[in-house]
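Protein chains: 2
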Amino acid sequence: MPAPDETKTLKVALLGAGNVGAQVARILLEDADALAARTGARLELVGIAVRNVHAPRDVELPRELFTTDASALVRRADVVIELMGGLEPARTLILEAIEHGATVVTGNKALLAVDGPSLYEKADAARVQLSYEAAVAGAIPILRPIRDSLAGDKITRVMGIVNGTTNFILDQMDTTGASFADALAEATRLGYAEADPTADIEGHDAAAKGAILASLSFHTRFALEDVDCQGITAVTAGDIAAAKDAGFVIKLLAIAEKLTVPAAEGADDAGGTTTGVSVRVHPTLLPREHPLAAVHGAFNAVFIEAESAGELMFYGQGAGGTPTASAVLGDVVSAARRLVLGGPGRTETTTGVLPVLGIDAVTTKYCIGLDAADQPGVLARISALFAEHGVSIETMRQTVHRERDAHDDGAGGSAELRIVTHRASEASLAATVEAINGLDVINSVTSVLRVEGV
Amino acid sequence: MPAPDETKTLKVALLGAGNVGAQVARILLEDADALAARTGARLELVGIAVRNVHAPRDVELPRELFTTDASALVRRADVVIELMGGLEPARTLILEAIEHGATVVTGNKALLAVDGPSLYEKADAARVQLSYEAAVAGAIPILRPIRDSLAGDKITRVMGIVNGTTNFILDQMDTTGASFADALAEATRLGYAEADPTADIEGHDAAAKGAILASLSFHTRFALEDVDCQGITAVTAGDIAAAKDAGFVIKLLAIAEKLTVPAAEGADDAGGTTTGVSVRVHPTLLPREHPLAAVHGAFNAVFIEAESAGELMFYGQGAGGTPTASAVLGDVVSAARRLVLGGPGRTETTTGVLPVLGIDAVTTKYCIGLDAADQPGVLARISALFAEHGVSIETMRQTVHRERDAHDDGAGGSAELRIVTHRASEASLAATVEAINGLDVINSVTSVLRVEGV
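For the protein sequence lines, the chains are V and U, in the order given. All residue numbers for the first sequence refer to our numbering, where the first residue is 10 and numbers rise by one. All residue numbers for the second sequence refer to our numbering, where the first residue is 10 and numbers rise by one.
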């Protein structure tokens, strides 16, 4: 390296001193010398903007750094680290930083999932770098590998465990046989679930990260609204047990994949095909030997399939103040090195505009749980119905058998059936499920879970 | 991105058209448009230097690109991809490229493991970029994450399964109970082992990669000679079975870790401590729940422990023409993007000079296999000997019991014992093993394996 000019200083502004921000500040201060050696310039933390200067912090930080005037702080900085979260005032401050010519490092997945595209364009136009590794999968380097290391490859599919709360809950249910409610209570007790866990358990957090991963992986731009999202609240202990018996595990996955489907009728290329990308979040059955099945507790992992590289997986802690701070500091040092070397920063490339495909375009395997009358001929009627709708059955297992109750009204006993299909389209599967619900011998459809990795 | 000047062309020279080179050429030609869109300039393959223009190739490539004059080709190029392997003429050609101001992308682990330091310095001095993701762990992005994503963190330990041949063999032995010889034969049959597998099974290949990983992870420079290396040729089916019984798996790991040891006597800071790095390759026992234990067949994975990020793992295919080509192309596009944007390329940072510590500095747990006389008092004598040498025993299990043979000379039956120690230094363990060998009740020490991940 050219002899580093260690008297050169870069002014760093930190917006937010919460869970992650406090750790970033701590590391910038405690490791200032090591960071300076690696960067080639001193990273001087010149201010920390917060809403309430007197709020208690996880880390003891110099009182004189705190300010409530985030805007003024941004205008003094070479590098702005935005860790406030939320849409505003984060968006406005990021735009001010870009306008001022400051490099921006953010972890704001919610903002990027809805507004990423316009922010990336503005950063590119201003020739400033906007980095956001911390927005997806905490400590795990994933965005930089996708953008840079796989720049010469073609990603075909991304499957991510990107929400630690839901992975902990499902893993707990799998390990202990607990109900969803009990596992959620344990997650809350241990701090893996927030007081209001809605964003996590309904899959919205995973969906935001899925949109960001999809955008980078497929060189086009997806937003939260493009993601088909289903959380884990309907997953039962029975589903988990049946999965386990059959050699599967249930994970909440964010899945982005390139698909080629018949072009819509009436479209210019009707009769031809359309290639696009589907982005979805839902509970998914995976074989227990799949690398993603070995991801326990609140850990995250992103599994990528690329044309040349084949299968790759990136694993680590998806959240937490200090792990996420690692991702922030990686972006800060990388961007700062570029400022020291000179020359324009890296830009976002959007080279394709692949259309968003809805979940209807997806073909996958399904596992359907049924509560059916335990009578002769039921299996035959169910099979026939599937066949009518063009869905082939791979396996059918009876998992529970309940005897006729002597006191009941003469109805027979019932059986719980698990049916795994061959690959089928969402549309045909939905039609099949509707038809099954109409059969008199079916008490209820207890679950419909998609199956991947087989 | 600023409107890409797609009429701008970068001249790419390829040195070598073997396993990996042929695939790199294929991708450069087949995906020229997609690569141009991502790079912002056309990547024009202007020549492929080989020893024998008429040799059969894995891929059909345009005959007019081939040349035997590598030196002339290098001098025409903006980007030189070296995939010849071996020390010379690769080293000379890389130096010519650097002198000529061309960006260099290489996969040459053997060369980098012995000569990396001087090549990095020359590239830095000439302000050209030297990238080598393909030199370690095939398709898996690992060097870029370490260098860039973890730039703001402090790595404390790296444990890698970086040789597919040995991982396949050990995994085969674990899955099927095969002997080492049979597993090696199967590996050879399937193409996971070369005709002469020495470099792989003796651990030299893993050691070269370990040196490169250690250099990047600890911001200092290690060479092949700094690595304590032991291969898998002494691992037996009995070792694997005993490990399995106890809930462990055996993997060949390259381990680089930062250690603090008492300073040597007579040194300036005698009485103080020395912090350095130990780099070693040897068969290792890991708990079956460890993420590295889920790495099967010829897959590779690198497990990193960092101060802020915590545990991370990068998993994927460690070898193969097309997977490795992905890593090469990632480096090519990344470096080319920089050439298009302008400004100096990234440089290597060596900010520390952490001393190399030999394996004597390591403290770890050990699993020792003994063939002992099956007599009363033997366990007591063994325990006493361990205690004398300061090594604590964690568990002792008798795994096999052989009856006294009626025809033998009156000696008793024998027992196979497996002893797992608490953490102990290499020195005390070595002394213990030597003393044990001297006991009359010990027939032989059948194996000594280090244990990690517990």
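Don't read these hints as lab results, they were simulated from the structure. These numbers were taken from a predicted model, which means no experiment stands behind them. Check the hints yourself; a few may be wrong.
Identical copies carry no separate label here, and so any pair may be met within one copy or between two of them.
Stated by the list, open to error - In silico lysine-lysine, DSS-like type, Cα no more than 27 Å apart, as pairs: (1) Lys20 / Lys131; (2) Lys253 / Lys163; (3) Lys163 / Lys20; (4) Lys253 / Lys20; (5) Lys17 / Lys267.
Status of each hint after checking the structure:
no.	hint	verdict
1	Lys20 / Lys131	within (22 Å within a copy, 32 Å between copies)
2	Lys253 / Lys163	neither (34 Å within a copy, 39 Å between copies)
3	Lys163 / Lys20	between (38 Å within a copy, 22 Å between copies)
4	Lys253 / Lys20	neither (53 Å within a copy, 55 Å between copies)
5	Lys17 / Lys267	neither (46 Å within a copy, 30 Å between copies)
Consistency note: the structure conflicts with the earlier hints numbered 2, 4 and 5.
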